[in-house]
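Can you build the whole structure from these sequences, using the hints too?
As given, the protein sequences belong to chains C and W, one line each in that order. Take the first sequence: its position 120, counting from 1, is numbered 120 in my numbering, and each next residue is one higher. Take the second sequence: its position 214, counting from 1, is numbered 214 in my numbering, and each next residue is one higher.
Read the hints as simulated data drawn from the structure, not as lab findings. Careful, some of the hints might be misleading.
Unchecked claim - Just some of the chain C residues that point at chain W, by a computed CB distance under 8 Å: (1) ALA83; (2) THR195; (3) THR221; (4) ALA224; (5) VAL242; (6) GLN252; (7) LEU268.
Where is the CB? At the ideal position from N, CA and C, for every residue including glycine.
One-letter residues, chain by chain:
2 protein chains.
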Amino acid sequence: MKKIKQVTIVGLGMMGASFALALRRAQLVERIVGVDVHAMVVKEACAKSITDFATSSLAEGIKNADLVVLATPVVKIMELLKALAKLKYTGFATDLGSTKKAVCDEAQRYAELKFVGSHPMAGSEMAGIPGANVRLFENAPVIMTPLRHTSVEAIEVVTNLWKQLKARVIVMDPEEHDFSVAVISHIPHVVSITTMNTACILADNREDVFSIMAGGFRDTTRIAGADPQMWRDIFLTNRTAVLQGIAEFKKQLCELEAAINNEDGAQLTEILSQAQCSRKRLVPPNQ
Amino acid sequence: MKKIKQVTIVGLGMMGASFALALRRAQLVERIVGVDVHAMVVKEACAKSITDFATSSLAEGIKNADLVVLATPVVKIMELLKALAKLKYTGFATDLGSTKKAVCDEAQRYAELKFVGSHPMAGSEMAGIPGANVRLFENAPVIMTPLRHTSVEAIEVVTNLWKQLKARVIVMDPEEHDFSVAVISHIPHVVSITTMNTACILADNREDVFSIMAGGFRDTTRIAGADPQMWRDIFLTNRTAVLQGIAEFKKQLCELEAAINNEDGAQLTEILSQAQCSRKRLVPPNQ
Numbered sequence: 001m002k003k004i005k006q007v008t009i010v011g012l013g014m015m016g017a018s019f020a021l022a023l024r025r026a027q028l029v030e031r032i033v034g035v036d037v038h039a040m041v042v043k044e045a046c047a048k049s050i051t052d053f054a055t056s057s058l059a060e061g062i063k064n065a066d067l068v069v070l071a072t073p074v075v076k077i078m079e080l081l082k083a084l085a086k087l088k089y090t091g092f093a094t095d096l097g098s099t100k101k102a103v104c105d106e107a108q109r110y111a112e113l114k115f116v117g118s119h120p121m122a123g124s125e126m127a128g129i130p131g132a133n134v135r136l137f138e139n140a141p142v143i144m145t146p147l148r149h150t151s152v153e154a155i156e157v158v159t160n161l162w163k164q165l166k167a168r169v170i171v172m173d174p175e176e177h178d179f180s181v182a183v184i185s186h187i188p189h190v191v192s193i194t195t196m197n198t199a200c201i202l203a204d205n206r207e208d209v210f211s212i213m214a215g216g217f218r219d220t221t222r223i224a225g226a227d228p229q230m231w232r233d234i235f236l237t238n239r240t241a242v243l244q245g246i247a248e249f250k251k252q253l254c255e256l257e258a259a260i261n262n263e264d265g266a267q268l269t270e271i272l273s274q275a276q277c278s279r280k281r282l283v284p285p286n287q
Numbered sequence: 001m002k003k004i005k006q007v008t009i010v011g012l013g014m015m016g017a018s019f020a021l022a023l024r025r026a027q028l029v030e031r032i033v034g035v036d037v038h039a040m041v042v043k044e045a046c047a048k049s050i051t052d053f054a055t056s057s058l059a060e061g062i063k064n065a066d067l068v069v070l071a072t073p074v075v076k077i078m079e080l081l082k083a084l085a086k087l088k089y090t091g092f093a094t095d096l097g098s099t100k101k102a103v104c105d106e107a108q109r110y111a112e113l114k115f116v117g118s119h120p121m122a123g124s125e126m127a128g129i130p131g132a133n134v135r136l137f138e139n140a141p142v143i144m145t146p147l148r149h150t151s152v153e154a155i156e157v158v159t160n161l162w163k164q165l166k167a168r169v170i171v172m173d174p175e176e177h178d179f180s181v182a183v184i185s186h187i188p189h190v191v192s193i194t195t196m197n198t199a200c201i202l203a204d205n206r207e208d209v210f211s212i213m214a215g216g217f218r219d220t221t222r223i224a225g226a227d228p229q230m231w232r233d234i235f236l237t238n239r240t241a242v243l244q245g246i247a248e249f250k251k252q253l254c255e256l257e258a259a260i261n262n263e264d265g266a267q268l269t270e271i272l273s274q275a276q277c278s279r280k281r282l283v284p285p286n287q
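So, in structure tokens, the structure goes:
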């Protein structure tokens, strides 16, 4: 297997910077290079030694790279795949993008790229380098989505890297991935932002309403603090599965609404018990 | 002010048992008595010294009580107020119920009861005595809902008790309370159980979908693990405000759905930024 000496991370947001920190701590590579379009971020990455070298130029950043890791929002990842092909980059590449079908379809257009998609199921509502966490990927599930034509070497290199960062690698095809994350991540996000926006409209500037906030509100709205651009791209590139999820959510919500409206205690107990039972069965305690 | 020697807590679930533990640690009273309809709970309360004495009999439990604390689901609290009046209890009384209009209306029917409603904004998805937490009320907002005819002495006694347990006392009228908690607690609960039930239906027994679960799903569904009976009573006794909240939530959800359906990136960014901005402004960091 080819020895990975240099990894270039494109996008030094919370995810990219966490990846850089984890990579450095694991001492897996000789050189970590960062690329970010924002000059301030490049400066911050250098000042805080997040990477060994950082630049705003993709061409400069990928020079001598054995592996390029695309750590931007999904629509940008698709543009970067095209840019890598144009720059005649022929090394390994992966991404940290939150949807996989659109990314993998785009990657397939560039046969010379040794690309395999990956999606670490880890995140934070914190943004940028200040939100970076060296342990973000430890024990996190990382979904890899190789295609039939994906280079076996790329799969090996990227799988090996994730394993050394102590992530749990799971293999899925891109469609299966996108549907599963819609259920487990994108619908909860839809719900979280909608809860936050609904509360503000209902409170109608009476902000004392928020003075009585307890854990339930804090927890259900935590992910509403996440990056809008990243989530815009997720909704745009996983449109079908997210719309399917919203349709089902609305159906369930209408059933609950009807039970409340009809003061149907038995039906309310049934719906609430179902949720309690599933939650206890599917989500390990103390998490 | 009358010295409180004995407090009787009716309902030794997670809330009642936490109240007993907090009261004992603060060494505020001479005797803590527990009442619970379940013989097993009475036994457990005695075995674990949650209270100084426990019984299944309300009449026995309230004997010599200076203050009775009703810590059951709301509909049961209303029945207990009637039972206290029937037993000719004339001491102080309060409750820990999650809605206040229905409870205070019922309490007003019994002029001899020195009742003032309170609602600690603290909870847990844990149930029963094993879920009890001696620090549950520390720094928690506790909403008290005195009415025009409420005994001033009752207000003093109950306020004083909460303050000694280190809770933050906030005064509201019952309608204002019920609307505020609908926004901050009941709608998030509606959303949490609906997210849980929707995920199960979408996953359709393919439980490997849940193997990729990350923090977002765990947080948004945490409160779905709470007691169904308690929440049935909340929905039944705060029907109007909860239905109003659901109607607004559905409106917001439909706007987001339309933006996704129309692939309207600008509108998605707008909705997501609004939620992010509100969340950052209204929810203190690190919570």
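Comparing the hints with the structure gives:
1. ALA83: violated (20 Å)
2. THR195: Holds, because the Cβ-Cβ distance from C/THR195 to chain W comes to roughly 5 Å (cut-off 8 Å).
3. THR221: holds (6 Å)
4. ALA224: Holds. Min distance 4 Å.
5. VAL242: Check passed: Cβ of C/VAL242 comes within 6 Å of chain W, closer than 8 Å.
6. GLN252: Holds, about 5 Å.
7. LEU268: Since chain W brings a Cβ to about 4 Å from C/LEU268, closer than 8 Å, the hint holds.
Hint compliance for this structure: hint 1 is the single one not met.
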